[in-house]
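A.B. asks: So the chains spell out like this:
2 protein chains.
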Amino acid sequence: MWTVKVVSLGVVALSLSLELLFWLFSRRRSERITNKVLFFPSEVACVEHIFSPTLPHSHVCSLPHGVDTSFSRLLRYILSACSSLDLCLFSFSNMDLSRAVLLLHSRGVTIRVLTDKVYSAISGSQIGVLRKAGICVRCDVSAVHMHHKFAVVDGRTLITGSLNWTLTAVQSNMENIIITEEPDLVQPFVKEFCRLWGLNDSAQYLSSVTD
Amino acid sequence: MWTVKVVSLGVVALSLSLELLFWLFSRRRSERITNKVLFFPSEVACVEHIFSPTLPHSHVCSLPHGVDTSFSRLLRYILSACSSLDLCLFSFSNMDLSRAVLLLHSRGVTIRVLTDKVYSAISGSQIGVLRKAGICVRCDVSAVHMHHKFAVVDGRTLITGSLNWTLTAVQSNMENIIITEEPDLVQPFVKEFCRLWGLNDSAQYLSSVTD
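Protein sequence lines correspond, in order, to chains V and U.
Here UniProt numbering is used: the first residue of the first sequence is 1, the next is one more, and so on.
Here UniProt numbering is used: the first residue of the second sequence is 1, the next is one more, and so on.
Keep in mind that the hints were calculated from the coordinates and are not lab data.
Here the structure is a predicted model, which means the values were calculated and not measured.
Please note: incorrect hints may appear among the correct ones.
Only pairs whose alpha carbons sit at most 30 Å apart, straight line, appear in this in silico DSBU-like list of lysine-lysine [to be verified]:
| no. | chain 1 | residue 1 | chain 2 | residue 2 |
| --- | --- | --- | --- | --- |
| 1 | V | Lys132 | V | Lys191 |
| 2 | U | Lys36 | V | Lys36 |
| 3 | V | Lys117 | U | Lys117 |
The following block holds chain V by itself, in its conformation from the complex (with noise of 0.2 Å):
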């Protein structure tokens, strides 16, 4: 009787061991899955600290320092990306933002642009900025509006939401932003965000016209 009291326990400790294992993994892997809501307007504050982490807190302009607002999370996330970053934007005049992709482009991550052709010619677009230092940019050929407002960062952050990528939308309007790492929401705008690339591929389309 002890040598079967003995061996059931043993059997029940490893059953509970299994399962407690089993109960954190699952845990751990749906807490390392980002999904975080931004809203806007997010409160003006000074972002120097983001691109330059080294710098002391310094008192070169009036804002307040060391905020943590939606636009210095927004910012962080964009600045995470390691290897690559598809922007799929219908307007593009917010200079920091431009900042930080020009920043991960001098970091080697590799960046592809695509943006609504109407939208990237007003004036404070930095779509320009952007294809001056070596960025390679895309402009929507279509007649109607590249509406979309995504990106994906590493292929795996998805970044989406009404906030267009402007100083009003940042500053002013109310917005909303999704940060999401779901692959089931990710993955649509990796395949929308190829598509769409593979559509507006310039030699395609001058091609096409030429022909």
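Once you've looked at the hints, dock chain U against the given chain V.
C.D. replies: Chain U alone, transformed into the frame defined by chain V:
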């Protein structure tokens, strides 16, 4: 030894069954949570069968029938509301979406519409139609744009993205919509809707204006 083996096998079988049940439960739970993405422009097709499922596939219109499109899916998600529908929309002029909201209202679904003041007054806006039908509408009274484009169905399903509720957005532009039940994504929108709804209480607003 025979008893030891029987008891051990029994415990192992019980343990494995528990493990299986736990796995099935986790899987069913993640399967239950909706995470969908819809892209636009949507193929133009007849949506009459969505409003009147009992009607035969009639030929009262020349559009393709029985086609599953991004727009028909969006309509179905909206019409799935059983108890409440909260809409926070920059622009609302799409007549099929307006019809869906009116239908829900006639079914007794509690509807709240928060919209941008300027865009609620433009030609073709459905806001006046909803108001006349007795639906509770509040216009954002701030000087900036209420640029959101989201809906919360029954307090648990979020529909959000770049798509304004207009015909151009649905049939022409490149747009996206996310439909999700992820609590980490839905709850912030529920909270933000309540905050904005409270902020734009016309009684409070009138009171503060006349103070």
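A.B. asks: Against each hint, give a clear statement of whether it holds in the structure.
C.D. replies: The hints, checked one at a time:
Between the alpha carbons of Lys132 (chain V) and Lys191 (chain V) the distance comes to roughly 27 Å, so the proposed pair stays at or under 30 Å and holds. For the given pair, Lys36 (chain U) sits about 17 Å from Lys36 (chain V) by alpha-carbon distance, which is consistent with the 30 Å threshold. About 29 Å separates the Cα atoms of Lys117 (chain V) and Lys117 (chain U), which keeps this hinted pair within 30 Å; it holds.
Going down the numbered hints, you'll see the structure goes against none, and every one checks out.
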